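Peer 1: These protein sequence lines are chains A and B, in that order.
Residue numbers for the first sequence follow the working numbering, so the first one is 1354 and each next one is one higher.
Residue numbers for the second sequence follow the working numbering, so the first one is 39 and each next one is one higher.
By construction, these hints were calculated from the structure, which means they are not laboratory data.
Model, not experiment: these values are computed from the prediction.
Cβ coordinates follow ideal geometry from the N, Cα and C atoms, glycine included.
You may find that some hints are simply not true.
[Claimed, not checked] Cross-link-like lysine to aspartate or glutamate pairs, in silico, DMTMM-like; alpha carbons within 25 Å at most:
hint: 1; chain 1: B; residue 1: Lys344; chain 2: A; residue 2: Glu1367
hint: 2; chain 1: A; residue 1: Lys1536; chain 2: B; residue 2: Asp77
hint: 3; chain 1: B; residue 1: Lys156; chain 2: B; residue 2: Glu98
hint: 4; chain 1: A; residue 1: Lys1642; chain 2: B; residue 2: Glu358
hint: 5; chain 1: B; residue 1: Lys305; chain 2: A; residue 2: Glu1646
hint: 6; chain 1: B; residue 1: Lys305; chain 2: A; residue 2: Asp1645
hint: 7; chain 1: A; residue 1: Lys1536; chain 2: B; residue 2: Glu144
hint: 8; chain 1: A; residue 1: Lys1642; chain 2: B; residue 2: Glu316
hint: 9; chain 1: B; residue 1: Lys338; chain 2: A; residue 2: Glu1658
hint: 10; chain 1: B; residue 1: Lys338; chain 2: A; residue 2: Asp1578
hint: 11; chain 1: B; residue 1: Lys338; chain 2: A; residue 2: Asp1361
hint: 12; chain 1: B; residue 1: Lys338; chain 2: A; residue 2: Glu1360
hint: 13; chain 1: A; residue 1: Lys1642; chain 2: B; residue 2: Glu307
hint: 14; chain 1: B; residue 1: Lys147; chain 2: B; residue 2: Glu158
hint: 15; chain 1: B; residue 1: Lys156; chain 2: B; residue 2: Asp173
hint: 16; chain 1: B; residue 1: Lys344; chain 2: A; residue 2: Glu1411
hint: 17; chain 1: B; residue 1: Lys64; chain 2: A; residue 2: Glu1646
hint: 18; chain 1: B; residue 1: Lys338; chain 2: A; residue 2: Asp1371
hint: 19; chain 1: B; residue 1: Lys305; chain 2: A; residue 2: Glu1658
hint: 20; chain 1: A; residue 1: Lys1642; chain 2: B; residue 2: Glu98
[What the hints assert, rightly or not] Quick look at which bits of chain B chain A covers, simulated, 3 or more residues with Cβ under 8 Å:
hint: 21; region: 44 to 57
hint: 22; region: 321 to 335
[Claimed, not checked] One side of the interface only, derived from the structure: several residues of chain A facing chain B at Cβ under 7 Å:
hint: 23; residue: Asp1355
hint: 24; residue: Met1356
hint: 25; residue: Val1421
hint: 26; residue: Ile1475
hint: 27; residue: Gly1535
hint: 28; residue: Met1537
hint: 29; residue: Pro1544
hint: 30; residue: Val1560
hint: 31; residue: Phe1564
hint: 32; residue: Asp1645
hint: 33; residue: Glu1646
hint: 34; residue: Thr1652
hint: 35; residue: Pro1657
hint: 36; residue: Thr1660
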Amino acid sequence: MDMLLTEDQLALAETIRDYLAGTHGPEVLRRLDADGNRDPAIWQGLVDMGLTGLLVPEAQGGLGMGLVDAALIAAECGRACLAEPLVDTAFVGVPWLIMQGKTGQLADIAAGTVKLPLAHAINPWVADGEGTALKSVDPLRNLFVSANDNNDPYLLDLAALMSAAQLVGLADAMLHQAVEYGKMRTQFGQPIGAFQAIKHQLASCAVAVEFAKPVVWQAAQALQDGRGSASVHVSHAKVAATDAAMLTAETAIQVHGAMGYTYEVDLHFWMKRSWALAGAWGTRAFHLKRIDEAVLGGTLPIGPEHTFA
Amino acid sequence: MHLDYTPEQQAFRAEVRAWMEAHVPKEPLVTLECREGYDSHVAWERTLASGNWGMVTWPESYGGRGLDLIQWLIFEEEYFRVGAPNRANQNGIFLLGPTIMEFGTEEQKKRFLTPMAKGEVIWAQAWSEPGAGSDMAAISSKAIRDGDHYVITGQKTWSSRAAFADWGFGIFRTDPESKRHKGLTFILFDLNTPGITRRPIRQLHGDTGFAELFFDEVRVPVENCLAGEGEGWNVAMATAGFERGLMLRSPGRFQATAKRLVELYRKHEAEASPAAREAVTQAWMASQAYAYNTYAVAAKIMAGGKIGAEASLNKIFWSELDRAMHRTAMQLLGAAAELKRFDDGTMNQWLEGYIFSLSGPIYAGSNEVQRNITAERLLGLPRVGAG
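Chain A on its own, in the form it takes in the complex:
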């Protein structure tokens, strides 16, 4: 029994964090917003970092890593508000193909030449697909009409888990932006971040985010291990991460005051992605119901001796 994220896992996530911080800052989001949302050079950079092959087995030219590693990096993608469909293709699509025994495309995915738009009956759209375009509140999401009746539960679990992982990263980033604004903005002769009314709201966000993270990592491990209860844990992760991100988004805009309501301040990119992912791959109500059925319905053993049931 060991809940430790290894130094290797943390070091890899930090490398990706630094890479994205250096190459995918707010100025890039603004350029994409103005010039068409996707940039082959950004995608190639992610391919060159090995990220498209993260979950592809080594035999097919990938790194052969697991869902916990992928969730940690998905959180970094959230932190950077990454627009390219890396998480969908490489962290959801790849394990879904592997589960079905479809390994034919894996080498091409690792090489970055194939992307996998993920269609599922739970969403009224498909992201980065083709056909009739839909407009998202998130200016960097490319959505299309989907008439797909795919109801695959494993695809749903993978995508909900990776949405949750992105949401904790998004929440972290919004909290950081609000803290930085609170240090810089002066009113009544002091930085507004020195006022307890601001501090306490941001501290509550920190509590929500920090206690959502281990739920997400635990769910990733449960799904990786194929635990029978994994779907419940994924739903728990999605609800906890959504609640943390929504609380942080609303708090962050409040801390920014009227500036937070402008297009000029960067916060809105992260906030809108959070809104999008909060509803994607199963609403809060959908996931809450799955937990409710297990916990109140009695199909999941509960109590102190069942921490990892």
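Starting from the known structure of chain A, fit chain B onto it as the hints suggest.
Peer 2: Showing chain B alone in chain A's frame:
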């Protein structure tokens, strides 16, 4: 990350479970906050010690079993699984004990830890003063050196367990010229020393769990000082870290409450609101989140890491979770919530628990102070009053 218990860990769980099932009192004990309840809880401490379960993580030479933090968590899970009584000596084993382990001399460890693990000496804490609550650095009770003794004069308040306990610990101003965090010293004292008057304080529920302590030229030997003279603030902060962080509130307590809440919900499902239903599901989610986080912190400590200001996040989380769960239970109970005993004669533990849960966001440093610490030390926001 490996989320399976080893065969050894499973065998240990079975051992704890068998012992607990054989020894835990069949009926819940009367509250610790009265003479009768205190005595029965101390008797339980001694039963635990007879099985060598007093404090499993301590070295065998100090009355422990030398076990690691994962085994401690397993022990706690099994402890709360059977609804074992609250620990009369929690101020000792969870707060002072780890502090002595870190700062005490070898002689102090031998003298204080073993009787603590065996439940022979029950400890009270003595932090707050009438003028020093959340602002603990405002402490004014003095301990003035006189030869090989300190002479303590002053007043402490809200001293948990002090109405009935044997010994106490707290910080006192040993340098009368000093201000704020400097000049404070961490001192252990026998509560029966001449010059100490205990005045029990009647609490919200009508019982007397904590007390005021009046010190009138109380002579305490200098060897009862922990770490150096003037080091009191740092030592107290370490104790507070143990209190807010890992040990005082292990997850099993809240997972057991969440499970009882689910059972209560099933009884009241017909008249319960959808909001109450969601609150019950949330109780399971939050208690599980707290458990995962604790396992992660334990793994980090076992790998050589430390807990710092994140202990404040912990304290905010468990105290507000506990209050929320008991609030939900009170809503589910409806008109029966106010009854001290239900019509079948059983105690209304939800009412007792709800009242106690209201103290959680206050004791061990109010949650407002914890949010300040979180904002300033974890998030890096400017200190209050900074211009």
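Peer 1: Let's test the interface hint: is any C-beta of chain B closer than 7 Å to that of phenylalanine 1564 of chain A?
Peer 2: 5 Å, holds
Peer 1: Are lysine 338 of chain B and glutamate 1658 of chain A close enough, with their CA atoms no more than 25 Å apart?
Peer 2: Within the cut-off at roughly 21 Å; holds.
Peer 1: Does the structure keep lysine 156 of chain B and aspartate 173 of chain B at a Cα separation of 25 Å or less?
Peer 2: Answer violated: lysine 156 of chain B to aspartate 173 of chain B is near 34 Å, above 25 Å.
Peer 1: Under the criterion of a CB-CB separation shorter than 7 Å, is proline 1657 of chain A in contact with chain B as hinted?
Peer 2: Constraint on proline 1657 of chain A satisfied, holds at 4 Å.
Peer 1: Does the region 44 to 57 of chain B contain three or more residues whose Cβ lies closer than 8 Å to a Cβ of chain A?
Peer 2: Held - the region 44 to 57 of chain B has 4 residues with a Cβ nearer than 8 Å to chain A, which meets the minimum of three.
Peer 1: Against chain B, with CB atoms and a cut of 7 Å, does the hint on glycine 1535 of chain A hold up?
Peer 2: Holds: closest Cβ of chain B sits about 6 Å from glycine 1535 of chain A, inside 7 Å.
Peer 1: Given threonine 1652 of chain A as an interface hint, is its Cβ closer than 7 Å to any Cβ of chain B?
Peer 2: This hint is violated: threonine 1652 of chain A lies away from chain B, its Cβ roughly 12 Å from the closest one there, beyond 7 Å.
Peer 1: Would the hint linking lysine 1642 of chain A and glutamate 358 of chain B be met if the CA-CA limit is 25 Å?
Peer 2: 24 Å, holds
Peer 1: Verify the proposed pairing of lysine 1536 of chain A with aspartate 77 of chain B, using a straight-line Cα cut of 25 Å.
Peer 2: The hint is violated at about 53 Å.
Peer 1: For the pair supplied as a hint, lysine 305 of chain B and glutamate 1646 of chain A, is the alpha-carbon distance within the 25 Å limit?
Peer 2: Distance of about 16 Å is within 25 Å: holds.
Peer 1: Have a go at the proline 1544 of chain A hint: is there a Cβ in chain B nearer than 7 Å to its own Cβ?
Peer 2: 5 Å, holds
Peer 1: Hey, does the valine 1560 of chain A contact hint survive, CB to chain B under 7 Å?
Peer 2: 5 Å, holds
Violated hints, in rising order: 2, 7, 15, 16, 17, 20, 26, 28, 33 and 34; the structure is consistent with all others.
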